Every structure is written in structure tokens, then in C-alpha cells.
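Residue strings, one per chain:
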Amino acid sequence: MKVTIDGIEIDVPKGTTILEAARMIGPEVAPPTMCYYSKLKTSGGYCRTCIVKVTQGSTANPNPMPKPVASCRTEVMDGMVVENTINKEVLEARKGVVEFLLMNHPLDCPICDQAGECHLQDLGYEHGAANTRYEFPRREFEKIDIGKYVQLHMTRCIMCFRCVKVAEQLTDNRVHGVMHRGDAAEISTYIENVIENEFSGNVIDVCPVGALTDKTFRFKSRVWFTKPVDASCDCKKCSGKVRLWLKGNDVLRVTARKDQWGEVEEFICNECRFERKNTADWKIEGPSPIHRSSVISQNHYNHLNELKVQVMKQQKALGFMDINKRP
Amino acid sequence: MQLTNRKVVVSKKEQSFAERIYLPAIAKGMMITASHLFKKSPTINYPEEKRPIAPVYRGQHVLKRDENGAERCTSCGMCAVACPAEAITMTSGERKKGEENLYREEKYAATYEINMLRCIFCGLCEEACPKEAIFLTDRLVDVEFERNDFIYGKDKLVEKIDKRIDVTKRQTQAVLDFKKIPGLKHNELYDPKKLNTGNKH
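From first to last, the protein sequence lines stand for chains A and B.
The numbers in the working numbering rise by one with no breaks, and the one at position 313 of the first sequence is 313.
The numbers in the working numbering rise by one with no breaks, and the one at position 190 of the second sequence is 190.
Next comes chain A alone, as it looks inside the complex:
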């Protein structure tokens, strides 16, 4: 099936969603997502961040769709024409979505352990407005303890349902879910149940905001002061491929490796995540690839060569002498 996204045509198999097709083209045209997770079935359709405009439904029916559609839940049709970043209406609507997501989200980034790798922070920076128009108190919840490993901050939750789907699809005996409805909806366990499952720690990685964070890393350090390295170990329960967040020789935190969409490559078990906090437990493979625009790449000089090439290009354009040829 041929589909055109932002003027770029691509051939995709039947049943692909618009979002998947856009991701095949590349990050320039892929819409941002907050609730959709390609590794979790039936995820997506809650947050409306990935809305796009379909200007031509298909070759058979070239009429445009009347409203922006959620690209994670809309399958492509042959000859479909989609506009994402080139459509002003979409960008305006997405700005509204970000405003809605931030309406009840506390602005406690200085405290939050997720700051620096938070998807909502990135989204707000890229699509949001600098000021809020909301003048009412934000919703608040009673704090509940859900075990010694995972810290729940319900005020920061944006109701993406990813953690519920992880519990459903990755583990058995799900004990947490969404209670109540509408504005009062919250992620909770039934009568303060404790989440105890060998893979329950993965809810931390799938959470796009700081609602579920690592209790063993709580307030230890900001992420940009730690150095991420890829490491592995022989684990009987999981693949053992993880990312260590080091400060000196101390392992402050262990997470799964994430791909360019911020999604976990392979889920890891709780033993790897919470118990192996020693460099001797791991075989270190090398520094993790971190995008240069990320705050985590601060003071890590993995991209020095790339930077040098860029500087030299700029200097050449300005008519400077070549650094290497200077007498």
C-alpha cells in the first residue's frame, strides 16, 4: 500500500498504522506519542498526542477525513495522503493536547527523578506554550505505598495505561489498574496491594512521565550527572541486556535499553534492575548512544568528531583558513 506522509511516499504492508508508517520514514515526520507503545498490544488511543490530518482518505475515496485522527489507531489505506508537521492545524491541535496533558501535571521537574528523560518535558518544550492559562488547583491524591522497588507519584500520572498493559501482557497476576473514572481516575492497587512480580520493574521504563520511578534511585542524582553505559550479564530470567547509569564506579541505576523512540528494546527482570548494583556483576560493552541534543549528553564527549566536522564546515563557509593547514 502506498501512503504519502508530509510529501514522502512509502510502501507499507496492509494493516500498518499511520504512526508505524511514519516511523518507517524517520523521526522527522513521526508524530510524538505519549501512550502508544509498539511493544504492547492494544496500547494507544488515549492521549491524542499523535494526531495527524488525513487530506486524502484513499485512491478509491479521495475525500479528506473531517477531523484530525489518532495516527496510532488509524490504519493506512492505499493512496492515503497524511500531513503531520507541514499542517498548521495539526500543530495547533497538538499544542492544545499538550496543554490538556499539562493541566493536571505538577510542575515539579526540579524534584522529579524523571527530569531530563521525560517525554512530557520534551513534548512540552517542543509543542507547548510557555505559560499556562489554568487557574485552578491541580488534582491531588493520597500517597500510597506499592512496594519497596517502585515509587508511585499519582499527581504526575497522565493516564497513558502503559503500565497496566505491561502488567497484563508481561506478567501474570496483575494487581494494579485504573480505579475510579474521569477526573478522579488513578493508577492504584486494590486495597494497597504490593506489586511483587519478577518483571514488575518494567512499569518504570514504560512510564513516559515521573509517575512511576525507581525507589532505589530516588533522589540519588539527576540523570545528567550520571554516565550511561550498555552492559550485559547472564541472567536466567531475562536477556540481561541493560543500561547502567554510573557515577564514577558506582552503579546508581539499572534500566532497560531504549531505542530511538524511547521504547524499551528488551524487558528486564527485577533482579537485574534492583539487585545488581555493582560494576563487578556486569560485563560493560561501552557508552550508550545518547542524542547530542539530550541533556544527558552534557559533558560526555562521544560526539567530538561529529562536532569537529560541523565546526569546520561552518568555518569553511565563513571563509576561514582550514584548521589543519594553519602554519
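Be a bit skeptical, because a hint or two may be false.
[Said to hold, decoys possible] Only some residues are given here: those of chain B computed to face chain A with a beta carbon under 8 Å:
| hint | residue |
| --- | --- |
| 1 | 74 |
| 2 | 76 |
| 3 | 77 |
| 4 | 81 |
| 5 | 92 |
| 6 | 98 |
| 7 | 99 |
| 8 | 106 |
| 9 | 107 |
| 10 | 130 |
| 11 | 131 |
| 12 | 132 |
Quick caveat, the hints were computed from the structure, so don't treat them as lab data.
All values reported here derive from a predicted model rather than from experimental measurement.
From the three backbone atoms N, C-alpha and C, an ideal C-beta is built for every residue, glycine too.
We have chain A already, so just place chain B on it with the hints.
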């Protein structure tokens, strides 16, 4: 290769009699010395007299407390990441129940150190701070004998409750106006009387 045309060829001329006895030159030098006796001295007697300094002078740092005496710093690390000299380090602690009067928010700086020898007093930490916790002041950093004494901890940085340090002069009108924007008041406590003020939408 000639680089400039300021080149002078040195000549070793024989001195005249007047030059050889040096007396006219000594007299000339003494005249200059004597003339300075009647000029106004640029030296001031420092500890007693002080030169005027700008209200935004960047001297020793202070970690401010809020109106209730609680520490404002939440140990977010923005100052440390902004610091070009990497002079700031900190560790965080979690506020326990009953410490609400000590620390303003859930997280606080358990230790906070500035190495005054590394610090270049650029004021970027002050600019980066989202909580208006750190300010540079018009105080000078004291002289010490040991290098270790220049690493200032919280004992020297946090202002004393009964000896507050005034930083209002540092906040320009533009900053004070910016803080009046109603949309920026998220962190304020809920007060129904304050509703329906500010911009309507």
C-alpha cells in the same frame, strides 16, 4: 621578512658630559617625586574606607530561605549543570514528616558545596535557579590559609534565620514584572480569594 615598520636600529652613542655626571637626571627625577607629594593619593584605607560597588556586584553566594524560614533549594542540579567552572556539587535528601518548616519541598540539598577557588563568579547559577534559592551577593569571599577552607558548605552558604541577606536590589524591575504573570504561579498554595484575578481567557 619585515613584519612592521616600527623597527629601530639601536645606536650606542657616546654620552655627553652633562649625561655622564647624572646630576641633571637625578634632579629631574626628584622633581617628579616631589610633585607627587602635592597630588591627591588614589590609595584608600581599605577596611575602614570602602569603594562604592554596583548593586548587582557578583560576590559570595547565599542560599536563601523563604518567608517561613524554610530552605528554598530543592537540589535540582540546574546550577551545577550551568556552572562553567564545575564548582558546584550537591547531594539530595528526602524531607521527613515534621521537617516542613526546614525545607520548602519534598527534596532538599543534604549537602551543597561551592569551591570558591574554582568559581569564576559569572552568576550563571543564579540565572539557572528555578526556585530563586541561590543568589550572588555584594559580600567578598574571605581570605583563608588552607585550600580546603575555600570549599564552602551549607554552613557558610545558607543564610542565618536571624541574619537575612537582602537580595532585592539584584532583582531588576523586568524580573519582578515577569513574576507577576498569573500563569507562572503554579507553585503557590491554593487560595480561593486569588481566583478570578489576572488574565481572563
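query: When the hints from earlier in the document are held up against this structure, which numbers fail?
result: 6, 7, 12
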